[in-house]
Amino acid sequence: MEDEIRWLETVGDDGTLSLKIPGLGLFASDGPGDTCEGGPPEEKPSRVQADLRKRLIAKFGFDALLDRRHAARRETEARIAAILRPLDEEADPAGTSNSPGGRLRKLLQAAQTAFALELLIDCEGPISPSALIRTSTPVGAHRGTWIRARTRLLDQVEALIESPRTDIGLPLLLSVARLIALSETLASNQIHLLAPFEEEPAHVARGFTQSSTSVAGEVPTAWRAQREKETEARWTRSLMNFSDGAAPLEARLLDLERAHHALRHFEDRTLHNPVRPESRSPSAAEAYASARRILPWPSSMRFSAVHESKRAREKKAISLRRSLAGELRYGLFTRNCVTELSAALEKVRARGDGAGTDARRLFAGNRGRLSPVEVMQGAFIPEVVALRIEAALATQPRRVLPSTRERALDQARGKIKTSLSRVAFESREFIALTSQTYRSNQDDSRFLLFADGPVVMRPLIGLTNLGYGVAASLFGLLEAPFDDGVGLRRGVQGIAMSIPELFFFQVRQGSYRVAPPGALAPSAGSTETR
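Using this note's numbering, read the sequence shown as starting at 1246 and increasing by one per residue.
I should point out that these hints are in silico values taken from the structure, not numbers from a laboratory.
Heads up, simulated DSS-like pairs for lysine-lysine below, C-alpha to C-alpha not over 25 Å straight-line:
| hint | residue 1 | residue 2 |
| --- | --- | --- |
| 1 | Lys1351 | Lys1561 |
| 2 | Lys1265 | Lys1351 |
| 3 | Lys1555 | Lys1265 |
| 4 | Lys1560 | Lys1351 |
Work out the full structure: start from the sequences and follow the hints.
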């Protein structure tokens, strides 16, 4: 719903119907007008598109391709009209394909299909130079695998054209772009890959040593060397998996593109902003390279419908927020991450006891929140929940996973040889400002002392951290005009995190934005950390 409102607001400000189309940014919009027939012979990407067009015309006929394109255009206009029409709750019940919140995604899919078909039929624009990457890896003895991949991609394009679905746009754009990359690979005997991912420039441009998204100061050289070695190993595994041919072609190509994308970040000494092509959010645009295009205006719609539809959605969005607030609102004592575990445990125990009670009735009337009795029983306290889990699941094997800091401390303690050095080490690591196993970052709260020592000391530590949080909040208030309130937020968080320590409970360990070497155990059968 919010995506629709933002889009309608943009339309009202610009006066034009435009949409950011994922996948369309892989192709240059300022290329030759007709690359199918008029492109020079040496322009191989255009030649690939021309050959593909001839193949499709021979199989389906030019008129059939035009009909498919016209159908996609009509679908796009219908989706635009569906968004511009005022909401009608009775005619548009939740759960239908045109329900509020689903219209923009359907429009995006229809527009993708229409522009992808135009690209195929009219050959509008060759592939963008930045979308085609020449790797340093030769084809070698696996040329047959790449030839079979090209044949499979050609068959896939034909299957997509035959499909009656309206969401074939992105797969079609990716298939055409990958066909061009495969053709370049076979022509040069050097692996060429598609670079389909779109990232925020502000995230990518920061160097390792001056990154605000990592720990303060320089990223350790050992960490960078270890991760680079793992990334190179991942690229090698992706090449082997592609040659094996066990997984579907699309999955193997995507794995190659992802692995080489990460490897290029290390080679360029830039940060990698992870992309998730599986994302279904229309606003996230699935992280594929996109381009903005003008959409056709429905002939039966007035421009005032933009503002009318936007107002109707804003009213509906307010109603939805209010209804969701009571159900999903966070509560320090009644509904948080620990109480959710408590609620889940109670449901499991109810089923295990054979009570035959519907689990949804256990929390009827309070939308899954803890009752006052359960709050008084301490069901929101981590240690209490841990004891209840142990009592309920006593027959199950268990193992303790040390935190990142605990693992770093254990490794450092193993190298201490004298008692005096041990005292100095423990004193240094007890204070957050002097600790060498933890570095403060902007996502963490402000605190002075770690409270993971003896339980009897926690109230005194909590009182110290509380005073430090208050002082940090006051100083953050002065800094607010210059740091966008980051210091104030961290100070207030420090106060909130220190209060449980006054009552012998610890809820804070400190966090790491970039995990130190060895902090994450490798997955089974793999050297890649997770």
